[in-house]
Structure formats: C-alpha cells, structure tokens
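Asker: Sequence:
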Amino acid sequence: MAQIEVEQLSKTYRVPERQSGLRAALRALLRRRHTTVEAVRAISFEVREGEIVGFLGPNGAGKTTTLKMLTGLLHPSAGTARVLGHTPWRREREYLRQISLLMGQRSQLMWDLPVMDSFQVQLAVYDVPRTEGKRTLDELVELLDIRDVLGKPTRTLSLGQRMKCEIALHAAYWKYVTRRRLRGDKRGSFPLKGSNWFAVDSLDEAGWAGVLKLLQEQHRLLRETVAGFAPGRWSSAPPGSKLRYADQVIGVAFHDIYHAGQIQTLKALQRS
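Sequence positions in the sequence shown follow the numbering used here and run 1 to 272.
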C-alpha cells in the first residue's frame, strides 16, 4: 500500500530580476521585472510502507522543494500529493501528528540544556508514556552511540553529534505516534558504521516509509529506492553503477522523471 503518492507535482517561483547599479534600482521601483523559476516539474512517484527512498542530486535540483511540499510547508503550483491519506498543504492536525521533518540547521535540541532534557521535553509534548519513551530512547541511544553526550549541553556538541541526537529525538516519538515516517537531510551527516548501520536497518524493519535527502556520495545508505534529481540531461544522471544498493531507481533530469524501474535497465539506457 502506497503511503506517499505524488502525481504531476510542480512548483514554480516568480523571482524579481534587475541589473546592478543605482539607475537599475530606481527603475525597478517603477517597473519591476520578474522571471519564472521552475523548481520542480511534473514529477510522479510512490513510496510504499516500509520503503526508504533517497533523493540524490546537486544543489538546486528540487530535492528540498519536493520535501517541503510533501510536508505541507509549500503549496505546489500544480499536481497532487497524498501522504498517509492526507493532502499535505492542508496542514490537518491529524496529518501533522504523523510526520516528522528533520533538516540541517533547524534544531529542536535546546541549545543550553543537556541533550537528555530536550528528549524529555519532546516526549512530553507528544504524550509518549514514560515507560515507552524510556525503552525507545535506550534503544536509540545504543543504536546511534550517543550515550556519552546525553549529559552535555547541545552547544558543546560537534555538528555530527547534534545530527545524531536530532535523529534520535525525532525517532523517539515516531515509534509511538506514527510508526510511518523517516525524513532526513544531508547537512551535518555522519558516517553510518557498525551500530549506526543497524539503526537504519531497525527503522526500516519497524515499517516506516521515508524520504532521505542525500548528496550523491551518500547513496550507500539505501537498499531500496533512489530518486535522482539532476539539472542536466543524460550525462548528468546518477550513474547506475553507484546505485547498486537500490532495487529500483527514479531518474530525474531538468526536474522531469526520465526513468523509473530497475537499475539494470537504467544502465542499459545510459549505454545506448
């Protein structure tokens, strides 16, 4: 069953444009010129329960814009999307309780307090029972190897440590509130080794559907689906040889999906 359904989703921005200099600035006050920027163009895909999908591509390819539309932060210019049976940009309370969006430099950790205090506040906000919350936190602390930082103020942690704590903070209430969604970001990423590999496996086995926004070199996180966003055509598409951990791939060029299917098929297309 599809948890995320996207059909012909598009987003365009109307951006003011002017030349440099005082004369151009004065002219813009009287007659402003605009240009239309197409951030996402008519993309369609599905994410089923338990799948982890990665968006791969360079800056400006439309990855973050797509995630913001799927979480209701942006209203699309055209197209439709259904997430957990809801239209995201309606921002219904029941929908918002079931999702989580983790992005770089958008921390929910309290800066001057120990990390554990932030965990306790977050669990209280989402009415997670104390016993359930403690059990889940213990699991995540071990999986992400962050026990040594729980008593330290957030401001003393490295960027990688903060991002691991952010993931634990979100996942601690996902398990109780929704059991469906994992969202991530490339900024402040950390190498997934040993127990951290197991952390991703465990979240996958718990039945969450999710989207990870990654740089091209972080593809090894994935074992299922990869959505590649590329501002160029075929030559800029994510090379199939680098996606060997995924069962299927969605390739996007100039924000248009040009391939959805097995990696072997994509390799054949790129060779032809």
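Worth double-checking, as some hints may not be accurate.
What the hints assert, rightly or not - Calculated lysine to any residue pairs in the SDA-like style (CA-CA distance at most 20 Å, straight line):
hint, residue 1, residue 2
1, Lys68, Ser10
2, Lys68, His34
3, Lys68, Gly85
Unchecked claim - Computed Cβ-Cβ distance ranges for the label pairs, DEER-style:
hint, residue 1, residue 2, range
4, Gln19, Thr80, 22 to 28 Å
5, Leu29, Gly160, 44 to 50 Å
6, Arg23, Asp112, 45 to 51 Å
Derived from the structure by calculation, the hints contain no laboratory data. We put the CB at the ideal spot given by N, CA and C, even for glycine.
Asker: Now tell me if each hint is right for this structure.
Answerer: Structure-based check of each hint:
| no. | hint | verdict |
| --- | --- | --- |
| 1 | Lys68 <-> Ser10 | holds, 12 Å |
| 2 | Lys68 <-> His34 | violated, 24 Å |
| 3 | Lys68 <-> Gly85 | holds, 17 Å |
| 4 | Gln19 <-> Thr80: 22 to 28 Å | violated, 39 Å |
| 5 | Leu29 <-> Gly160: 44 to 50 Å | holds, 46 Å |
| 6 | Arg23 <-> Asp112: 45 to 51 Å | holds, 49 Å |
This entry does not satisfy hints 2 and 4, going by the numbered hints stated previously.
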